[in-house]
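**Q** Throw the hints in and build the complete structure from the sequences for me.
Under this note's numbering, the first residue of the sequence shown carries the number 1, and numbering increases by one thereafter.
Simulated from the structure, these hints should not be mistaken for laboratory data. Here a beta-carbon is modelled for each residue, glycine too, at the ideal position from N, C-alpha and C. Check before you lean on any hint, since a few could be wrong.
Between beta-carbon pairs, the in silico distance windows are [unchecked claim]: (1) E46 to E101: 40 to 48 Å; (2) E99 to N133: 49 to 57 Å; (3) L113 to S93: 17 to 25 Å; (4) V149 to Q245: 40 to 48 Å; (5) K271 to N184: 27 to 35 Å; (6) M105 to K30: 28 to 36 Å; (7) K182 to V149: 57 to 65 Å; (8) P39 to Q245: 29 to 37 Å; (9) S29 to F242: 38 to 46 Å; (10) K167 to D33: 40 to 48 Å; (11) Y41 to Q90: 28 to 36 Å; (12) Y41 to D111: 43 to 51 Å; (13) N184 to Q269: 27 to 35 Å.
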Amino acid sequence: MIQSMTGYGKTVLQLPTKKITIELKSLNSKNLDLSVRMPSYYREKELDIRKKMASTLERGKVDFSIFIENNGVELSSKINENVVKEYMNQLRSIVDTIEIELLKMAVRLPDSLKTEREELDEKEWAQIDEAINQTILEINKYRSDEGEVLLADFVGRISNIEELLMKVVEIDPERIEAVREKINKGIAELEVKIDQNRFEQELIYYIEKLDITEEKVRLKNHLEYFKKALKSDDSNGKKLGFITQEIGREINTIGSKSNFAPMQKLVVQMKDELEKIKEQNLNVL
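**A** Here is the structure:
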């Protein structure tokens with residue numbers, strides 16, 4: 001079953017001292033283009049995250065984010081008491097004012113606050129890793145749901161091309177007869193004598209050049225192959241892209257050989273349906 005490369009997943013993990021939000025967003029891309037944003041103390045796990053994303057999401061422009069909201073129980077920045085007291089002592093010798101004013105001045109000076117680097121807690125990370133797995137499940141479900149929409153669109157447009165191909169088959173004898181009449185009319189207008197046997201031979205040779213029997217058969221086979229690929233267990237947008245190229249080649253050849261306005265009109269309609277398929281296929285995983 002096909003999947004879209006467009007997806008979104010979000011998981012919120014509530015821990016005793018913080019709330020952790022994990023988000024995954026993806027759009028279409030030829031390969032995996034992964035962007036990772038998370039606090040510095042989780043950076044040692046970035047390689048593991050990238051491997052996990054590559055094995056589960058495969059392709060797409062993917063944005064992965066971890067957001068932290070502390071609840072205030074633990075603060076990463078603390079007052080550097082020794083430095084502040086020393087500042088106050090020095091200020092006291094310069095300025096004659098109350099203690100609270102000295103404190104206000106001291107805390108504004110350099111190094112009055114110290115930031116403690118938070119270390120990675122492996123037990124905490126195990127919970128985060130499980131939340132990441134849950135987010136991946138969510139984005140893959142989103143991709144599958146979007147894939148069902150794409151599938152319905154593909155099936156409808158392939159069906160339209162098949163119907164147009166049937167009309168091409170129906171009017172093909174009329175096209176050949178129209179070509180024959182056009183040539184005969186042109187010869188008659190020239191008012192010249194011709195060798196009728198030689199003319200018939202040349203006419204047959206010319207009409208054979210316009211024959212589209214092989215193209216009709218190949219186009220029908222390519223359309224069947226495309227439908228079969230849609231039903232495969234895996235989602236392979238690149239494979240579908242290759243098949244659409246072959247479909248386009250046969251449609252173009254029919255158009256170049258048609259030399260008949262009603263058939264050329266059908267060919268234009270087939271091209272229009274195929275272009276819409278190609279456009280949608282860019283989003284298939």
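**Q** Hint by hint, which ones does the structure fall short of?
**A** 4, 6, 7, 8, 9, 12
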